[in-house]
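There are 2 protein chains.
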Amino acid sequence: MKFERTAQDLKSAARAGVLHTEHGEIQTPIFMPVGTAGSVKAVHQRELETDIHAQIILSNTYHLYLRPGTELLEKAGGIHRFNGWNKPILTDSGGYQVYSLAANRKIAEEGVTFKSHIDGSKHYFTPEKVMDIQRSIGADIIMAFDECTPYPCDYNYAKNSVELTHRWLTRCIDRMNSTQSKHGYEQALFPIVQGSVFKDLRERSAEFVASQNQQGNAIGGLSVGEPHEDMYAMTSLVCSILPADKPRYLMGVGTPENILECIALGVDMFDCVMPTRNARNGMLFTTEGIINIRNEKWKEDLTPIDPILGSYASTFYSKAYLRHLVINKEILGAQIASIHNLTFYLWLVNQARQKITEGSFATWKDEMVSKVKRRL
Amino acid sequence: MKFERTAQDLKSAARAGVLHTEHGEIQTPIFMPVGTAGSVKAVHQRELETDIHAQIILSNTYHLYLRPGTELLEKAGGIHRFNGWNKPILTDSGGYQVYSLAANRKIAEEGVTFKSHIDGSKHYFTPEKVMDIQRSIGADIIMAFDECTPYPCDYNYAKNSVELTHRWLTRCIDRMNSTQSKHGYEQALFPIVQGSVFKDLRERSAEFVASQNQQGNAIGGLSVGEPHEDMYAMTSLVCSILPADKPRYLMGVGTPENILECIALGVDMFDCVMPTRNARNGMLFTTEGIINIRNEKWKEDLTPIDPILGSYASTFYSKAYLRHLVINKEILGAQIASIHNLTFYLWLVNQARQKITEGSFATWKDEMVSKVKRRL
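Respectively, the protein sequence lines represent chains G and R. Numbering follows this note's numbering, in which position 15 of the first sequence is assigned residue number 15; successive positions increment by one, without gaps. Remember, this note's numbering sits 1000 above the position in the second sequence when you count from 1.
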């Protein structure tokens, strides 16, 4: 994997780049649609490519491990062959899901025991096992097994947790170094900076992570309920420490506003369930602001959802028709809104990239933030 | 509207034809995907056209009247403009839904009062009102308001009911003759033959319907639980009476086997929720037989769903991946299975049409029936 920086904004830490993987190039800054169980909900793989212009999608180790399981994924020749998405894929390590979804979890030095949220079956994740699972799944970028602290979190818990995450990181790297790709292409491990909202912990964690000299680095444990100011402060601090020549991935972020602000702080990669989850509830992110399509206001609006975007879902269907579908709980409503929101997110990061390249990012960002956060 | 017969099978009553409407041609025999509320569930309009090769879809007066309502549909310029499906559309009259979905219904000579299944609001349908609603909706083919008898049904109830349906038909025709299309194109009214499974009632009803000299005729009140033999016997009887130079539409039928058998009896048009509803439960109709994709048997089957069909959903995704999606209740599972099943249904009627034209329908039909009904 190779990361090339192609432009640096002069008025912010924003930068543009290209991340080369064996499944293709990723133009950064980039947003990664979330396909938890190997499917971006309500979206066909063809639509991801042709309509949304996704360059990389994210899947989840915890979910894929439980179903369909590593045996079938290995037999298929890896996740790309299983789901037919032949461009880059990143898998989250499952750390966050073990804490947020699984029951009866017990964290120890060696690893975590938990019960499946699906059938209550007992499982045991260690850093080594999570690396092995991700070898079987076969994503291009795989994440270290960490503990994601909740918010709020007391200082001592956060301190012990970040230290455990660091010891686990060493074990993850050792396991990666002593094993090989199972599907014939390179897999890059991204370590994760933790430390909650405590400056000194974030600093130490960023320094430790940077010293591991992996091919990219991630910031975890943010967008878990803390004020935006804290998210931005921690992101800014960590970005100032993580090496500039490696891609930086801010996990689980966020709103269009969050993404623009964090691009300005030097982040290159984002993922979030928001565009798809909120789509299923009728919330649309558009180039003019946020629409709750269930509102009476849109009932007779026969204009396209968002003509600026030029994609099928955003231009073919009207707001009134989409509202009718969402109110009637028609599956097509979720489909249209999901494609639309993802198209918008990918359009937004692509616009940011262009503005960075042209040298006009800072002004554009301020205008855009005020636009994308307003409620229509 | 004009119906041209292009071929007649010599060993059965099967025939091929072309139905010309102002929204395009329909090659018969044809299957019409059901889009109850103006959306074929889990399928984009683009997919209906490009992947499924649908030529006409069906919507429902009862549902569209309740939501979004005729005011909005008129404002949009009719259903085609509202949902973006610019090919032919047929609306069922809502008779069946008033009996199957609505609460507190009371049937009288003048019309039916009922409560909405959505919000319990009270409504009143008369034959005249249902014609007016269908004028507002603007389908190319609209159905008479009838009473659809349940199965089993005692003789006297069926007799009184079919007589009421006939009196209502006269009122529907009068209303159609005294009103005009609201959206600038022709709307054809199809009367409906009723009479449950009683030969004499079906005969009288078919004769009455035929004498009305409308542009097409329909057979209702079948596929409501009666044995297949009764369905075929009634269909055969009615087809022998309905004029050969008008299209014949068998409402709500059915399985692939039912469709092939009824094409052989002289039916030209079909609709059924089965391909989409069963898709959402993981049942696939394929060129080799019926698959319950939830079965363990398909867990590791990495072959395409049905390569014969050649469409995106049927060839791009594997059975194992589709099974994974269905087991995980991923929306994409419903999407793939729905497109696949509809593609199969349209493929089946198109094959039938070709065989009729080539003169080999009867032999092909028998082989195909034994194939399409077997469980894989």
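Be aware that a few hints might be false.
[Said to hold, decoys possible] A few chain G residues facing chain R, derived, Cβ under 8 Å: (1) S39; (2) K75; (3) G84; (4) Y317.
By construction, these hints were calculated from the structure, which means they are not laboratory data. Since this is a predicted model, take the numbers as computed values, not measurements. Glycine is no exception: its CB is placed at the ideal position from the N, C-alpha and C atoms.
Hints, one by one, checked against the model:
At a threshold of 8 Å, the smallest CB-CB gap from G/S39 to chain R is about 4 Å, leaving the interface hint in force. Satisfaction of the interface hint for G/K75 is found here, the shortest Cβ-Cβ separation to chain R being roughly 6 Å, below the 8 Å cut-off. Because the smallest distance between the Cβ of G/G84 and any Cβ of chain R comes to about 6 Å, under 8 Å, the interface hint for this residue holds. The interface hint given for G/Y317 is met, as the beta carbon of that residue sits about 6 Å from the closest beta carbon of chain R, less than 8 Å.
Comparing the model with each earlier hint shows no violations; every hint is respected.
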